[in-house]
Amino acid sequence: QQQVKQSPQSLIVQKGGISIINCAYENTAFDYFPWYQQFPGKGPALLIAIRPDVSEKKEGRFTISFNKSAKQFSLHIMDSQPGDSATYFCAASIENYGQNFVFGPGTRLSVLP
Amino acid sequence: DAMVIQNPRYQVTQFGKPVTLSCSQTLNHNVMYWYQQKSSQAPKLLFHYYDKDFNNEADTPDNFQSRRPNTSFCFLDIRSPGLGDAAMYLCATSRGRGVGYTFGSGTRLTVV
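Note that the protein sequences, when read in sequence, are chains A and B.
End of the first sequence sits at 113 in the working numbering; the numbers just go up one at a time, nothing left out.
End of the second sequence sits at 112 in the working numbering; the numbers just go up one at a time, nothing left out.
Check before you lean on any hint, since a few could be wrong.
[To be verified] Under the rule of at most 27 Å between Cα atoms (straight-line distance), these lysine-lysine pairs were calculated in the DSS-like manner:
#: 1; chain 1: A; residue 1: Lys-5; chain 2: B; residue 2: Lys-17
#: 2; chain 1: B; residue 1: Lys-44; chain 2: A; residue 2: Lys-71
#: 3; chain 1: B; residue 1: Lys-17; chain 2: A; residue 2: Lys-42
Derived by calculation from the structure, the hints in this document are not laboratory data.
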């Protein structure tokens, strides 16, 4: 119930293409869904986050799509760039209950020049 | 800039020799976390402090301890490091639980 599943494990995209990473959860009490970007040797950095009262959130080239009924959410990176090559983690928490994050296993994205 | 700072960036310790990793924050966040991250895996929560209240995860080995002497600082003590404890250790902070984590750059621990 506490698990967050993430796919694919790794992804290779050409420069300018769209990168799509998917996550799924079971616990319907989750109410905060962030995505973290991690470069090698660095700590994760918050990229974008969504709450279940909206179905989509866009920040620049990054968009979260959220499907509450399917208990799924995804990260779309438009016009992918080599600088986007990193590991991406989705996560979920119960903000109102103050529950700590549950992280997905991560997706390693490589954007080819 | 407000941030989370971890020292050192790289730490090499001998098998069984106690080691301490440090974390400081200028964000004035209530909550400080310690995560262990092994290669190609998600960060794994070891424990966290909500103000002075210590919260240990059920599966965190007794070998790992933590101290938070004040709001700004938090330490991770590994009493007798084993080869399996080699990992990246990440400190994170948040204003409350479950939202808005800020991570430090991590300390890469090597056990020889």
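Taking the hints in turn, this is what the structure says about them:
{"no.": "1", "hint": "A:Lys-5 x B:Lys-17", "in the structure": "violated (37 Å)"}
{"no.": "2", "hint": "B:Lys-44 x A:Lys-71", "in the structure": "holds (23 Å)"}
{"no.": "3", "hint": "B:Lys-17 x A:Lys-42", "in the structure": "holds (26 Å)"}
The structure fails to meet hint 1 from the earlier list, while all remaining hints are met.
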